[in-house]
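Colleague: Chain by chain, the residues:
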Amino acid sequence: MQKITREQLIEKAAALLAGGTVTAVLGWSKGEFDYDVTPAVFHTAEELNKDFVWNDFCGANFSKYLVAKAAKEEGKVLVFLKPCDTYSFNQLLTEHRFDREKVYAVGIPCEGMADIAKIKEICGEGISSIDCGEKIAVTTIYEDEPVMIDAKDVLAERCVNCKSKKHVAYDELMGEEGTVIDSARFDEVAKIEAMTPDERFAFWQNELSRCIRCNACRDACPACTCEKCVFDNPNSGVENKAPANSFEEKMFHIIRAFHVAGRCTDCGECSRVCPQNIPLHLLNRKFIKDMNEFYGEYQAGEEVGTRAPLVNYTTGDIEPGEVFDRRDTDA
Amino acid sequence: MRKCSLDSVNSVFAEIAKAAALYIPADRTDGSAVYTKWEEGVVWSKALNTVRSPKDFFFPQMENLMEFRTSGKNIEIVDTRSEAEDFVVFGVRACDVKSFEILDRVFLTDPVDSYYATKREHGAIISMACTRPSETCFCKTFGIDPAEPAGDISCWKTETELFFQSNTEKGAALLAKLEGVTEECTEEAVDAQKEKINAVMAKLPLADVTTEGFGGGKTKDYFNDPAWDELSEACLGCGTCTFVCPTCQCYDIKDFNTGKGVIRYRCWDSCMYSEFTRMAHGNNRLTQKERFRQRFMHKLVYYPENNDGLFSCVGCGRCLAKCPISMNIVKVMKKIGGENK
Amino acid sequence: MQVKEYKPLIVAFCCNWCSYAGADLAGNNRLNYPADVKIIRVPCSCRVNPMFVLRAFQRGADGVIICGCHPGDCHYTSGNYFTRRRMAALFSMLDYLGIEKERTRVEWVSAAEGAKFAATMNDFASTVAALGENKRLEDLRCKK
Amino acid sequence: MNNRTETLIPKIGVITDVRIDTPDIKTFRVVTPDGKKAFDHRPGQCAMLSIPGVGEAMFSITSSPTNTEYMEFSIKKCGCVTEWLHQAEVGQNITIRGPYGNPFPVDDVFAGKNLLFIAGGVGLAPLRSVINYCRHYRDRYGDIDIVYGSRSKDDLLDYKEIIDEWAADTGVNVHLTIDNPQEGWDGHVGFVPNYVKELNFDTNKTAVLCGPPIMIKFTLEGLCGLGFDKTQIYTTLELRMKCGVGKCGRCNVGSKYVCKEGPVFRCDELDELPSEY
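Chains as they are written, first to last, in the working numbering: chain E, 274 to 604; chain U, 7 to 347; chain Y, 166 to 309; chain R, 541 to 817.
No lab work stands behind these hints: they were computed from the structure.
It is possible that part of the hints are untrue.
What the hints assert, rightly or not - Restricting the straight-line Cα-Cα distance to at most 20 Å, the calculated cross-link-like pairs of lysine to any residue (SDA-like) are: (1) 562(E) - 258(Y); (2) 345(E) - 296(U); (3) 501(E) - 285(U); (4) 757(R) - 769(R); (5) 340(U) - 401(E); (6) 266(Y) - 471(E); (7) 323(E) - 281(E); (8) 337(U) - 326(E); (9) 323(E) - 234(U); (10) 345(E) - 291(U); (11) 300(Y) - 518(E); (12) 757(R) - 290(U); (13) 209(U) - 416(E); (14) 300(Y) - 471(E); (15) 308(Y) - 499(E).
When you get a sec, could you build the whole thing from the sequences and use the hints?
Modeller: Okay, here's the thing in structure tokens:
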């Protein structure tokens, strides 16, 4: 259950609209069921009252939408940012992808988002309603009584390993400021690192072979804001619409992860949107973990204007060959 | 009608697999179901449906069409297809079976697409009546009865037994081969099962979605609807909906230079992609709104106009479940259709 | 029939200012290194995009080595420092995906180090040869 | 399986002649390796040409169906396929498949009518096939007027053929124009739409338009201004195509596939389609 209520957010947005501070509100719009929430732009209080939602399924990171919407809207755009979204927000500002003056950012605390797949694992298909109270009450068409689920048990992976409840950017903050969390987000990476090369290869072969190259990971990623992706450009020589074989699957994901390395804030959108449940965050976290180990702790988006590790250097950097030596001696 | 007990379903699979490759829905490591080639040890999934639709078997995401060998100014065209082999797809839901009719009307109308036609000839479909539809299901909207799936053989599953009914010559021949592992039976249990399914269908949250107002000849009514702006506002332009869709059939033909020759292949394409209609001198669909509109207009207006009113959607619910931003055909139908009623 | 000895195909990206000249020197001094090392001259080692490395593997390379000026000696002042970071990250990722780490290497070779160039190539080629053909990052379409 | 037509597998075509028409347009003569015409076609139809590894693209067949020996394609350099073709030499193999699309209704609607052809730039390419077809069966048609404009004298396609053959025919009137004055040009100067208005044609004609979209738009307005009805005017559309047989799903305008139901459309039919071309 979220600490801030839907009504509080509507009230805030309506006041800012009425006061003329903003002309549009980027928010979550309700869907057919209680969990299929769609990002939407609201312009009036009526629209907000009708369709605006804030619940445990508002996972979408709005930062990337600002690139298009801030440029499109005439006035300022109000955006609600969860703590993890604020990192992407800063990162996009660092890269000059939108005009800060066009945005009014309201930080909202987040207690973690629920993963509908995990809920369905517990109560099966046929959900008729979900009530996000103290416990999540899920009613299905097959049972008379709702199934009561502890929100902790169905948290999305990225929220289980939440790295920070702290808002690193906002014009206004609702609720209390959180803190950076000492998360266990690299544990999974370390587990894979500890496997033998053969096991690692088999693991990733199994995961990446599911890729259908729908590009959802790329299109949802707040770090992927190239005007024209190399994988869409017919003149690049690597453009393709289907993963032709295991090489192309790997190439797409290695290059994508590499291109966002140092800029990826680990918001977890890639894994959330993947229709084939590929744990793409494990690729990004590998880069983050490596760079933290090689070049010192760095969190993309923590501050505006910082230099990412891959566009920086020191004269005493570790040699590519030593990377393995060090790990091998550690092991 | 014939039946077997659920405990002995593996012997049925084994019997089918003797003569043809058999694909059944099986759970994979991430928890979702996928059509998997059956062999001893592969377990039939309890999931309602697979993430990817069975259109893959007839219209794969990628298939080689031909090869070119070039030397100097000369080109040689090599047809690289090998002899097609028979295969059986088991556990296809009523909605997905219907999708083959929709694909057939595209690929089997003159001029016939031989790549697709060959696979259709060699493939047999064993369909499966639904037992636990999901909230995302809305096949009834398109006149599909999940209790009466088509296909070469239809199956019904009860708590303990599996029932078989052949619908085509191909199905009858296949069922005849299963005589040793199935037994003759009456239809009572199946009728009871059908009633059960129908009772569930009425309770589904999307039971009231209607195609009323859509169909051929409606282009002018909907094309300039201002609601397209709002609906497409959040669309990321990814291809998820088109790639999980059992009826999306747009494709691209591309060449791959291997260094030793050129492979010409075809792969799925998505009208959601910005490159979809790009030409040397420009693009006629410049924004995501136009691409988004194309997809739904095609399914709800253009396709029925060219195909006797048949809609190019079967209500399988895959796009509802998989869209990263939860925008889908149901929301579009309710918005655009609702406004224009 | 005699079995043909397996010879790995090595792609070496060499910086124009140091390593390429180093390769030249190795040649002038008649130093032996495997003929299956295909040298691609790049203006600076940091010109090597991760895509180059992957596509070399796609097109049939069994090992990829990147040679540049010694750190501090870059013709463009700092190019090879970036190479060092990028390739450390990339190679670590390839290893993470289970691709043999011995197939990739970065080596600093100056224009005066013809002998080092030849020795490096001999060593790298024999390491890769011991691994056998590149199977984990191959594109079968290119292998027919 | 042999009775099946393999729609996606092309035939080999050999370029037997390359004619440089303008600085950026060349005309290619194509036959099969045994020297025959690859397939029969009707005026206005298209063919898919490709170079393996470069791409496949749709081109209108420039030569008349009455030419039974070879096909010609006038191609302007504008994308990767066309650029490659422009470098090709005589003897180069390409692949060809077709014919695709609906032809102009030369044998029914056009029969007995006075015809007015209006083209701009490389837009003459698809019309040349119709014009030559109509000239071949001259007695079936009434007067023929041809309005053709281009950027400059050098950019006029088939200039020699137009002057030597078309203009020499009885009952064929050729009106040429270029966009800007040029030394050595004593003909008309001005844009095609304006020239059409100046020529003030009577409406007892069936008009066929082809050219850049902007020219089509204004010429159409001009013709309507002269009193033409949209049912008297035909044009051709072009969109990205991959299969040519109405299956790959990208060249549709509304429910019509340009590769199947087009590329020839009557202008009143276009009004029925959504404005997405």
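Colleague: Out of the numbered hints, which ones does the structure contradict?
Modeller: Result: hint 15 breaks, nothing else.
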